[in-house]
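Engineer: Quick note: the sequence shown, position 250, residue 250 per this note's numbering, numbers continuous.
Fair warning: there could be bad hints in the mix.
[Stated by the list, open to error] With a straight-line Cα cutoff of 25 Å, these simulated SDA-like cross-link-like pairs (lysine to any residue) come out:
1. Lys346 x Ala305
2. Lys423 x His4
3. Lys325 x Val256
4. Lys2 x Leu120
5. Lys453 x Glu373
6. Lys385 x Ile407
7. Lys394 x Gln411
Worth flagging that the hints you see were computed from the coordinates, not collected in a lab.
Quick caveat, the model's predicted, so the values are computed rather than measured.
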Amino acid sequence: MKLHLQNFGPIQEATIDLTRRIYVFVGYNNSGKTYLSQLIWSIFSEDTLQRFAKKVTAIGEVKERLTLSEGLLQAVTTQFAEFIIQDILPEVFNDSRKEFLANEALKLDFRFDAEAINELEVELHYPSLASAGGLIKMVKAKGSLEIEAQNGMPAAEQWIDCITRLLFHQTIGQTPLFLPANRIFFPAFYKYLFQLEREDKQRMETEMSRLLRLLQSNTNELQQALEAALEAFQSPYTAPTNTLFNKMYELNTHSVARDYYQDLLKMLGELLGGEIVLHNVEGLGIVEFRLQLAKQAQHLPMFLASSSVNQLTTLFLYLKYWAEKHNNFLIIDEPEENLHPGNQVKLSNLLLKFATQHNNRILLNTHSPLMVENINNYVYLNILKESTGQDVTKIIQQNRLNIDPNIHVKQADLGVYFFKRGKVTDLQDESNDFGIHFRDFYKVSREVSNTGKILTDYIDFADDEEDLLD
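With the hints as extra help, turn the sequences into a complete structure.
Structural biologist: The structure is reproduced here in structure tokens:
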């Protein structure tokens with residue numbers, strides 16, 4: 001499945017393969033990387049899928065078998081694109097007035113591959129709406145374009161859910177989580193907490209319920225009052241950021257940690273110099289996040305911790321409290337911010353390990369040439385191992401290479417996109433059998449290195465002339 005879009009914010013045109021395991025978005029500032037990341041978040045959101053299934057039910061006569069014809073798939077994807085534009089994006093970007101999304105030329109187009117769908121093997125379960133209850137099993141065998149319903153007759157809504165999940169959630173079971181760059185997140189988060197203390201939140205929810213009941217009157221005056229009140233209550237942040245706010249807001253000192261990613265938490269703890277702990281005074285008030293220094297009892301509040309700790313705190317919380325055992329989708333914005341170059345490499349190793357060893361997916365927005373070159377090195381490593389059969393562990397040891405032989409990244413796993421002047425280029429199209437060519441990053445590195453070489457040559461030449469004169 002590929003997403004083709006036009007006139008989306010600063011992006012004039014782009015085509016993104018939605019089936020990759022590891023996405024890397026690179027390019028210029030203000031070129032639309034974060035916008036596109038949040039659009040992808042909305043496409044794979046469980047809330048989006050469920051709402052779409054309830055809204056679009058016209059698929060013809062409901063039967064126990066359904067063939068995924070090209071016409072049916074085209075109808076579903078076309079309606080899904082329209083639903084994203086009209087219903088989802090204004091909420092995701094907090095743009096009810098459509099100031100950002102006002103461009104009438106905005107277009108989304110989902111392009112499916114019938115052959116790839118034919119190769120999928122899927123089994124989904126739905127509650128039966130019949131009086132007998134139980135579960136309806138919907139099965140699609142590999143090599144078939146037919147879905148069979150067993151143990152009951154699905155409702156039209158369930159058929160739509162099944163088809164949409166088949167198209168978009170082939171490798172994902174969890175709603176993606178978006179981790180914003182630290183430069184905007186923590187100041188906004190603490191402002192959010194003080195604005196939404198528990199009493200105010202309860203008052204707002206009560207008022208919202210009252211206003212919603214007024215809708216039944218259907219008068220223009222009440223409708224306008226309701227819309228004004230809803231806008232006043234609206235959070236000033238995007239939906240992916242609000243989702244993260246709520247997850248952090250719900251944490252307390254009794255929150256139960258998960259043990260799925262202990263190895264990654266250990267790696268992250270080494271970067272942090274400790275671990276993030278939840279703290280409040282005598283169990284009262286909103287929980288605070290603090291850094292417990294390694295091998296010390298001391299807790300540092302976030303404003304005393306380093307900027308790198310602030311940057312990585314949400315990732316630590318994600319791995320410890322929120323990530324499921326398998327099938328996660330993590331979208332992370334500029335995680336290299338404030339990190340030492342060596343730690344940027346270690347962090348990219350951690351993210352690759354998360355994606356490749358737990359059947360997860362990641363989308364990485366980055367300006368770090370070190371992180372992208374490190375990712376490329378793992379592509380080289382995999383090519384060396386699979387194409388030549390050489391003992392890569394021995395090569396790593398002999399040459400003292402800073403690379404983990406247990407991380408396996410195939411070139412086909414990568415979706416690498418370069419953002420510049422309204423265009424988004426798939427760098428896979430410009431790559432060869434020896435990895436991804438991260439254009440522009442390498443060009444800038446060469447220019448800086450070449451400038452230094454030329455200047456030092458002039459210095460050496462001047463020194464030589466002085467020696468001759470002496």
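Engineer: If a hint holds in the structure, say so; if it does not, say that too.
Structural biologist: Do the hints match the structure? See the list:
no.: 1; hint: Lys346 x Ala305; in the structure: 20 Å, holds
no.: 2; hint: Lys423 x His4; in the structure: 12 Å, holds
no.: 3; hint: Lys325 x Val256; in the structure: 15 Å, holds
no.: 4; hint: Lys2 x Leu120; in the structure: 16 Å, holds
no.: 5; hint: Lys453 x Glu373; in the structure: 22 Å, holds
no.: 6; hint: Lys385 x Ile407; in the structure: 12 Å, holds
no.: 7; hint: Lys394 x Gln411; in the structure: 22 Å, holds
The structure is consistent with each of the numbered hints, conforming to all of them.
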